[in-house]
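Protein chains in written order, with our numbering: chain A, 1 to 211; chain B, 1 to 211; chain C, 1 to 460; chain D, 1 to 460.
Among these hints, one or two may not hold up.
Residues of chain C clear of chain A, computed beta-carbon distances all greater than 10 angstroms [to be verified]:
#	residue
1	Thr14
2	Ile208
3	Asp213
4	Ala321
5	Ala399
6	Asn454
Interface residues of chain A toward chain D, partial, derived using beta-carbon atoms under 7 angstroms [as the list claims (entries may be wrong)]:
#	residue
7	Leu28
8	Phe59
9	Pro61
10	Leu64
11	Val76
12	Leu101
13	Ile104
14	Thr151
15	Thr152
16	Asn155
Each computed DSS-like pair below joins lysine-lysine, with the alpha-carbon atoms no more than 30 angstroms apart [said to hold, decoys possible]:
#	chain 1	residue 1	chain 2	residue 2
17	B	Lys201	D	Lys180
18	A	Lys201	D	Lys180
19	B	Lys207	D	Lys109
20	D	Lys347	C	Lys410
21	C	Lys199	C	Lys4
22	A	Lys207	D	Lys180
23	D	Lys72	D	Lys37
24	D	Lys143	C	Lys406
25	C	Lys37	D	Lys345
26	C	Lys345	D	Lys410
27	D	Lys37	C	Lys345
28	D	Lys341	C	Lys11
29	D	Lys72	A	Lys158
Hint data in this document are derived by calculation from the structure and do not stem from the laboratory.
Cβ atoms here follow ideal geometry from the backbone N, Cα and C, with glycine treated the same way.
Chain by chain, the residues:
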Amino acid sequence: MNKNLAAIYQSVVEGESSQTAKKVQEALDEGINAEVILNEGMVSAMSEVGRLFEQGEYFVPEMLISARAMQEGLSVLKPALAKAEVRSTGKVVIGTVNGDLHDIGKNLVGMMLEGAAFEVIDLGTDVPPERFVEAIKTNGAQIVAISALLTTTMNNMKGVIQAICAAGLRKNVKIIVGGAPLSADFAQSIGADGYSADASKAVALAKSLIA
Amino acid sequence: MNKNLAAIYQSVVEGESSQTAKKVQEALDEGINAEVILNEGMVSAMSEVGRLFEQGEYFVPEMLISARAMQEGLSVLKPALAKAEVRSTGKVVIGTVNGDLHDIGKNLVGMMLEGAAFEVIDLGTDVPPERFVEAIKTNGAQIVAISALLTTTMNNMKGVIQAICAAGLRKNVKIIVGGAPLSADFAQSIGADGYSADASKAVALAKSLIA
Amino acid sequence: MAKKYQELAIKDPTDFLFGVSPYPVSLKNGLTIGGGKVYPEINFTLPGMGINPETMPEVRDQYAQMIGDVTKRAAELHADGFSVEYELLPDLTLNPEWGAEITKLLREKLDGLAQNEAIKTCLRVTPNDIREFSRPPLLRHGKFVDDMFRCFELCAQAGADLLAIESTGGKEIHDDAIIKGDLAASVFALGILGSRDMKFLWEKIVSICKRYDVIPSGDSACGFGNTAMVLAEQHYIPRIWAALIRVMTVPRSLVAFEEGAVGPNKDCAYEGVYIKAITGAPIALEGAEAACAHLSPIGNIAKAVPDLWSNESVQNVKLLAASAPTVSMEQLIYATRLMNKAADKGKGSALALRDLFIDSDSAGDVQAYILRPDVALDLSRQIIAEPTAYLRTRKAALAALDCFRKAQEKREITLSRVELRWLDALSRQADQLPDSEEEFIAQMRPTLDPAKVNLSEYDL
Amino acid sequence: MAKKYQELAIKDPTDFLFGVSPYPVSLKNGLTIGGGKVYPEINFTLPGMGINPETMPEVRDQYAQMIGDVTKRAAELHADGFSVEYELLPDLTLNPEWGAEITKLLREKLDGLAQNEAIKTCLRVTPNDIREFSRPPLLRHGKFVDDMFRCFELCAQAGADLLAIESTGGKEIHDDAIIKGDLAASVFALGILGSRDMKFLWEKIVSICKRYDVIPSGDSACGFGNTAMVLAEQHYIPRIWAALIRVMTVPRSLVAFEEGAVGPNKDCAYEGVYIKAITGAPIALEGAEAACAHLSPIGNIAKAVPDLWSNESVQNVKLLAASAPTVSMEQLIYATRLMNKAADKGKGSALALRDLFIDSDSAGDVQAYILRPDVALDLSRQIIAEPTAYLRTRKAALAALDCFRKAQEKREITLSRVELRWLDALSRQADQLPDSEEEFIAQMRPTLDPAKVNLSEYDL
Ligand code: B12
Ligand code: B12
Ligand code: SF4
Ligand code: SF4
Ligand SMILES: [Zn+2]
Ligand SMILES: [Zn+2]
Ligand SMILES: [Zn+2]
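Start from the sequences, fold in the hints, and give me the full structure.
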């Protein structure tokens, strides 16, 4: 591998943002193709980070730092990429259902989806059905991800799905749900397209649904 | 209270069948009205037995012995009662659902219903839907009581209810269900009219449904 | 080749302790049960759903999820070994191929765990006694008998380490006996019918086990003793009657060991305390951590002498933290860790903890009292002094009733007025049991309803 | 009138024990918590369902059923006393009349039990911190604040014995701090924001309690410490980071006691171990029997020093034996019976059992290690030697990190290579915390997002 590409890769894995930015610039100056820099330098570094996480070598804080390094690198790369038009894996609208303020689980799911190159629109917590509908429209999302942590709010997910149906958007989106009190059974019973018990599996699920 | 009536009452409470039979005959000979013997001597004795059970003074074995004493007394009384036409509280068809052999809970429910003067038709265990339907038709039952103790057979109750509907009998009968893995929620979800967690409450439930 | 137990394997109450048994059972992978440690034995079952060809994919998914969940949690909590009991559901025995398929699925997951985490495990498989689907039960021939034995064979081939059953011979008359407080009928069901059926059944099971190199573990009198306990817990029958039935199940369950079972005995078999005393085989038991499956008055005392500690069963529903099987796994690990920590500190420490378990419950309920190691040793000794199953069962009744009376006098238990009335009534019944088995059978014969029980199934 | 804790209420590890606390709390009915016995504290919650005017009848039925079930089981198992925690659900605090109505329903059932069975009980009511429904949270005024305090008042009137809360001031920045491994932000959230909000909040709660003659019990740092523990359990953050956060929650939770809380502290507050050491107040804790609500690496060690022993929470679903709350009740009764039996035999016996609880878990996870009574006493002493919440939180961090390092050297715990890397990284961050609170605030100010946190709500 090219020396600069290798340095980019390593700086992302180790989360050294300033180094990433610098090396991306050097690689561009050297005349390396922007897409090659992106894929071989950065995207592959992020999958290495994912692997390190699965192995227990990295925790979420380290992943976040690597993700930031990647962002820094991207901002240098953007102009050169402009015409190449990098497609995101897909657009996801995510939020915690109304009445519920738990958001850590949802945030982790969002973060992991971003790590897998999804574009994530995060509506926050205590989100009423209308806001989900609106966000799908404005963003043309393919996936809606809904989180609930309380036994008294999990049923509100049904309301969100109904609102999406009522707005005539049901066939445009895949709906995935999660949160501690839920189960695959429950997800099916409210008419969701998928359920996953944790964030890593949520990514696989999202990918499989829009494959 | 008349001496013979008092003796009948006591013999039923204490479960001395031969004494009951003898005293019922004496009371009849004395010219006491058969319905008075039934109600004041025996039915009220059985409610005392019920009270003793609720209080923890009696267990099921004692209740069974008292019930037998009452039967003996009744057999002496029957001819005299013939014209008086004693109405049962109601007719109940009871059984354990197909695939399930647990019957102790069901038997206790049946026994308690009999104690409360219901006429009970017991279909046994592992009862397919058709047999419930048939028994309702043949006996003109007002109540169907279904028991299930296994998580894998509780859903078969739905099949019984569907068969009753399909046979056009749904409006003729009230359906009650019970057994350890069930809940009131579940009962509602399969379209039953009532659920109770134990045999004593099952009696109150049955009464309330045909009141 | 029937063994005969004539003296106790454990003689001294201070040698009667959780985690250690005179004749430990070792698996092929080296895991030893009864060799010094108590291991968790986790059980789980399906949530509300049917089993049929359409739902079988979902059934598989459920079992895969449950075994995945519990093995994951065991690894996270650094368990150093555990057992899984897969107790089949009737449809899985009625369709032996399905039962075996799930056995295989569990086996593979456990093998994976052994490789990745170096955790040693044990898989106990318990087919159902489906012979009672015919009424009166056909115990020795017919489709149900064939399918049941085929299920044992297929599960053995599919990777079971242990085979077990909760057989029900004699239960067709015992349920009524419980409900009526009929001691003679209970003795007949246990000491004559049940014991004869056990002999037939266990000869077969042991020979299947030999054929496939699997361990014949044991047979619970659950349908007798636990049915009574559950009824007593609901105030339908006196506790003293349930306690008496428990002791009377001992000779019946012992038959499995006479025929070659070696343990670990089944979790729900509280008569296992006596079986361990008599045979020296390790046993599984259950208590507080099995409240999910049945409430009981013996939640702590049952921890006194087990070698495996079980949750009995829990269905795969979601609790706030995780699935119910995961929650049970965690609870069993903490419970056994405590016992093993005490054992690590030496026998004195283990005995001190054992005595706390005992003292927690033994005075509060006569059903707990009879699980006291000293009481169990004393009654076991009297039981095995008799030569036949009938006489042992009769002795169990007499000795237990005598024991209750003395315990009340010594104020080691407090029987209510109502229970004392029952003590007298049961004693009167017990005193009438004849010495001669033939005489007893002749007495009982006319009381039996041929629509309920088929005596020829018992060579009678 | 703020109290100041400058020395430990418990000085000797051998006086640090379950069931006994220097300042027991006695209720009107005579039940004493921390006076020699550990009592169960049962919690329960609704199954999957919404709360609104249409469902309120069903909500009432659910609570009536749950309290009925658990009191029945407690009576059957001869419990001699227990506590019920009614932790409201957000809609019940948002509609204080509903919250109070359920309080009354529970009160009446418990009063009935006292009459019929002579069982003494305690009712803890925990309204929710609904202030965070506004984002950034409005902590001192507005509809949510008013409704929350009204809920406290109405529940006090409706019959609560104890009032509690799990307040969340500072959490709006702490969640991120956890996820990012940002020590300074965590210290700021706990030592500055959380502690200031606690002062404001507990002054008010204590005055409400005085008005209605109710006991102000305590405030859990659950949203900080348990959030971290749950994340560590899922491998999202290092265990050492979660352990560190736990110790850093102590000064924040202590503020409630400085303002007049007297215990028993909340079940889910594992920092309670430190609170008990410092204040002498009794505490509730939870562990293995709370696996239904969250898995943890501290299932046994949490039994070392509690005065109430809880299941945290379980929803009203049916298990095979009975409803899940009934099952929890039974498990708690057995767990506490064991402890009380040990105490009955004398202090030596109780200490021996306590040490088994400790040894079961303390070497396996650093989060368990910091709950060791000796460790907690040592760290508590260092924490209260400092004068302010900020300095105490900083000291908590420094002392805990030092303690982890020494524990690793003494091989009392085994940190993995990855955890050791984190130990170094966290130490580097801790060493940079300035002496001066003003300086620290000035450092932090520019890093805060005004859309997330409103500093004026903290007098900053
Ligand atoms: C941390 C926590 C809090 C924090 C929340 C912090 C925050 N910003 O989110 C605080 C303290 C604020 C809090 C408050 C309350 N909580 Co809370 N809380 C918890 C706790 C301990 C952990 C939740 C958590 O963050 N877990 C870590 C994350 C990573 O896991 P996760 O959320 O499950 O998410 C993972 C998966 O579920 C999945 N996932 C999640 N969402 C989605 C979405 C999709 C689309 C997919 C595919 C996957 C997915 O992936 C995630 C990552 O792997 C749980 C206990 C538990 N066992 O879950 C209680 C718990 C959920 N809380 C509970 C309660 C009662 C409350 C309060 C009412 C308490 C009170 N007295 O005030 C309030 C309610 C606030 C409100 N209105 O919502 C109860 C719920 C009981 C019930 N009836 O439902 C629980 C179960 C605890 C208990 N008592 O047993 N809580
Ligand atoms: C006794 C018992 C047996 C006895 C049954 C004896 C008999 N003749 O019924 C025997 C040993 C034969 C047995 C066999 C099996 N059993 Co079983 N059994 C039990 C046990 C311990 C007690 C049941 C009982 O009799 N309780 C006493 C009565 C009085 O209570 P009840 O049945 O709940 O009834 C009351 C109420 O529910 C209500 N009620 C009941 N029916 C009705 C109906 C109406 C209309 C109403 C209103 C009310 C009502 O009123 C009753 C009186 O108060 C339960 C454990 C438990 N916790 O329930 C397991 C249990 C039900 N069995 C179980 C299992 C697995 C089995 C077997 C598969 C075991 C095996 N290895 O072979 C077989 C299956 C047999 C079959 N095909 O059905 C599991 C079920 C698990 C699951 N997935 O569902 C349980 C839960 C035990 C466990 N492992 O946790 N069992
Ligand atoms: S109750 Fe438990 S032990 Fe008894 S038969 Fe049923 S499952 Fe087996
Ligand atoms: S996790 Fe438990 S303790 Fe923590 S806030 Fe939620 S309910 Fe309260
Ligand atoms: Zn069993
Ligand atoms: Zn079992
Ligand atoms: Zn709590």
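Quick rundown of the hints versus the structure:
1. Thr14: Fine: 45 angstroms to the nearest Cβ keeps C:Thr14 off the interface.
2. Ile208: holds (37 angstroms)
3. Asp213: Given a closest Cβ separation of 38 angstroms, the condition holds.
4. Ala321: violated (7 angstroms)
5. Ala399: Consistent with the label, C:Ala399 stays out of reach of chain A, its closest Cβ about 50 angstroms off (over 10 angstroms).
6. Asn454: Non-interface label on C:Asn454 holds, nearest chain A Cβ at 43 angstroms vs cutoff 10 angstroms.
7. Leu28: violated (30 angstroms)
8. Phe59: holds (5 angstroms)
9. Pro61: Holds, because the Cβ-Cβ distance from A:Pro61 to chain D comes to roughly 3 angstroms (cut-off 7 angstroms).
10. Leu64: Holds, about 6 angstroms.
11. Val76: Violated, about 24 angstroms.
12. Leu101: Result: holds, 6 angstroms to nearest chain D Cβ.
13. Ile104: Hint holds; A:Ile104 Cβ to chain D Cβ min 6 angstroms, cut 7 angstroms.
14. Thr151: Holds, because the Cβ-Cβ distance from A:Thr151 to chain D comes to roughly 5 angstroms (cut-off 7 angstroms).
15. Thr152: Holds, about 5 angstroms.
16. Asn155: holds (5 angstroms)
17. B:Lys201 - D:Lys180: At roughly 56 angstroms apart (the allowed maximum being 30 angstroms), D:Lys180 and B:Lys201 break the hint.
18. A:Lys201 - D:Lys180: holds (22 angstroms)
19. B:Lys207 - D:Lys109: holds (26 angstroms)
20. D:Lys347 - C:Lys410: Given pair D:Lys347, C:Lys410 holds - Cα atoms ~27 angstroms apart, limit 30 angstroms.
21. C:Lys199 - C:Lys4: holds (13 angstroms)
22. A:Lys207 - D:Lys180: holds (26 angstroms)
23. D:Lys72 - D:Lys37: Holds, at about 21 angstroms.
24. D:Lys143 - C:Lys406: violated (68 angstroms)
25. C:Lys37 - D:Lys345: holds (26 angstroms)
26. C:Lys345 - D:Lys410: Distance ~20 angstroms between C:Lys345 and D:Lys410 Cα, so the pair holds.
27. D:Lys37 - C:Lys345: Holds. D:Lys37 to C:Lys345 sits at ~26 angstroms (cutoff 30 angstroms).
28. D:Lys341 - C:Lys11: Satisfied, since the Cα-Cα distance of roughly 27 angstroms is no more than 30 angstroms.
29. D:Lys72 - A:Lys158: Violated, because 36 angstroms separates the two Cα atoms, which is more than 30 angstroms.
Checked against the numbered hints listed earlier, the structure breaks hints 4, 7, 11, 17, 24, 29; every other hint is satisfied.
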